[in-house]
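Q: Each chain, letter by letter, is given below.
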Amino acid sequence: MDLEISSENVKATEDTEQFDIVKCYQKFLKEDPDVPMPIAAIESLVEVIKHSKATTLTEFMESLKDASQKLKSSVKNSISLSAGADLFLRFVTRTSHDVTNFEACKEHLMNSGKVLVEKAAAVREKIGDLGVQFIKDDATILIHSYSRVVMLLLQRAAACKKRFKVYVTESRPSCLGIRATKVLCKAGIPATVIYDTAVGYIIDKVDAVFVGAEGVVENGGLINAIGTYQLAVVAKAANKPFYAVIESYKFVRLFPLNQYDLPTHTPDLLTFPDLEHHTDLSEDEIIGNYEAINPTVDYTPPDYITLLCTDLGVLTPSGVSDELIKLYL
Amino acid sequence: MDPVKKTAKELKAERRALQERQRAEKAARAAGNAAVPSKKPASGSGASSTVGSTTATSTTATPLSETSGSTKTTDSKQRHSLTKEINNKEINNKQVDMFSHLEITKGANTGLAPKEIHPAILVLGLQFSEFKICGANARCIAALTAFQKVIQDYKTPEGTTLSRHLPTHLSPQITYLVNARPMSVGMGNAIRHLKWEISTIDIEMSDDEAKKLLCEKIDNFIRDSITVADRVIVEYGLQKIQDGDVILTYARSSVVQQLLLEAHTKGIKFKVIIIDSRPRLEGKKLLNCLVNAGINCTYAFLHAVGFAMRDVSKVFLGAHAFMSNGALYSRVGTAMVAMMAKEKNIPVIICCETYKFTDKVQLDSFVMNEQGNPNDIVNISTTLTPKPGLLSEWLNKPDLKLLNLLYDLTPSKYITTVITEVGMIPCTSVPVILREYK
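Top to bottom, those sequences are chains G and F. With the UniProt record's numbering, the residue at position 58 of the first sequence is 58, and numbering never jumps. With the UniProt record's numbering, the residue at position 420 of the second sequence is 420, and numbering never jumps.
There could be a bad hint or two in this list.
[As the list claims (entries may be wrong)] Here are some of the chain F residues that sit facing chain G, going by a computed Cβ distance under 8 angstroms:
| # | residue |
| --- | --- |
| 1 | I201 |
| 2 | E204 |
| 3 | M205 |
| 4 | N292 |
| 5 | P347 |
| 6 | T417 |
| 7 | I425 |
| 8 | S429 |
| 9 | K438 |
Please keep in mind that the hints were generated in silico from the structure rather than gathered at the bench. Beta carbons: idealized from backbone N, C-alpha and C, even for Gly.
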């Protein structure tokens, strides 16, 4: 009997902790819509450290790993989130080896977490400064979907008195390209929305392509909104430079071999529905069906990327692996 | 004693007679033609310029000065080594010019070895030159184990220390092994590591302690860089094998074999296509092993790789060495398989331990390679009994040359990823690993 009650108690504390991490994470996202997902993840993990009842280092590490796993499994598209979480866990492991006193370790981690979060805001500014050199006066830029870093970069370039025009892809199904156009027009940059399917049509009028990313994988490839890979292939075929603008905390320890090796892979897309049922459905039902099985992100191999502008500097795709090995050494 | 002496005397007389005959022939020819460049063997008897098929086949009357001193070998053994010497001479004449910088090794001749070579090294040299031990990992482990024996039997001479004299004691052993078969890159790295370990031995340490420590260090190296590294590579590789995969592999890599067996033990349902090539036919051993484990296998030769590649989902390959420019140096034929896979957008995954990484840069398969014995190509049998094919008379055909290359280079653009014990890295990150982990 005693054992049952105690296990229930343990479960209750676990539940409150679980409640803490996912709810905490969502609270952070709501408070600041501009905060990047990996930073919100790191902040939530710092909260876990604060509320941690662990007394030994091993227990502490285990609870952190558990919390990180729960967070990753709670969100559907968890790539950038896992990048941030893994980075922070790696930092924790490193610190726990250096600092021997457990309490001091916790203090140090909480402070470092805060510092990371504060630095995050400055990271985008730094990338903006580096990326401005790639936008020449009187250039035509093509961007994909809505990326906060790319927006900041373009606004920075406009502030530097560069004159340029921007084509924005519509980016169905999220249609975030329309939001991007609004933001750009407000900043005084001429912008037009084009269909995703019109990228091939417009590419010869364009001087450079800029995209953000959800995550950068080990070989320097990108994981970004669906349509990025297509855009990269078209850009390469038309000999236009393809620049990725991305913060260093989005470097993730994945190595996809191809599109179907991603954790976000939707295997249902590769199967075909039953013919008998399909003919009876209304158009709305059909739309509902295929919207569920179509992917929301895709993988762009490093061969198509010219350069990556990060806060660690402007890197070639093979340089990303260099930085990752140093980070996770 | 007497019968041995007699044979020596007989041979000596026959030798002198042959030399006189050949000198006369040479004088006659030199008078007739322009100077025919004649390769001078060590004795300077000038017999090699003639194709000399008659001298090659007559086994009793063709002594060469290199074997003049070896009275300890029996008559038949002498004959065998003599024919091998002559064959080697003729093979040297029939060398392809483009690869003349790669010497065809004469093979291990235990009769000619200097007396300070340890018996374990003699055995190893023979095993290497006869290809009884094949494969980078196997050779490295065998070599290190043999060096352990050498170290254990070593005694520091008076007036010098172990850390100073042992490397000079090991050098002739290493040279002998290199003459039997050129060293692999991994073995080179291992021996360099061993020499470094020897140099850090405390002078105060007694001989026995030092020897024990060195043997322990060698064991640790084998464990860390090969055995455990292989297990970690298998762990990472398992993430990339899923149900329904059709995996293609080439020849026989020990790591890939371990990976496939482990994946099968874990219950993953996959098929394997093994591509093999002559003359080594190493894929057969892999096929045997996998079929005995119950894996669904297909076996084909290299010429069928384009056809076999249709259904393949992933290609796993092994490595002999990895260059700093991300190029893979592996069994000849690997480059073809990788190129074919890249053509069809199939991911090519290399499994390689970090001790095989080198900071050399290589752009093609010519600059550094290894030539095997061309006579291996003549035998077309797929069983143990040799069966010579149409090429058996190649020595007699003046314009025909045979080339037996053992390795080739796969450029980095054909390789998707490399699985090492430090993780999955793109092949361009090889110099980063060398820099960060050494």
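Q: Are any of the numbered hints broken by this structure? If so, which, sorted upward?
A: 1, 2, 3, 4, 9
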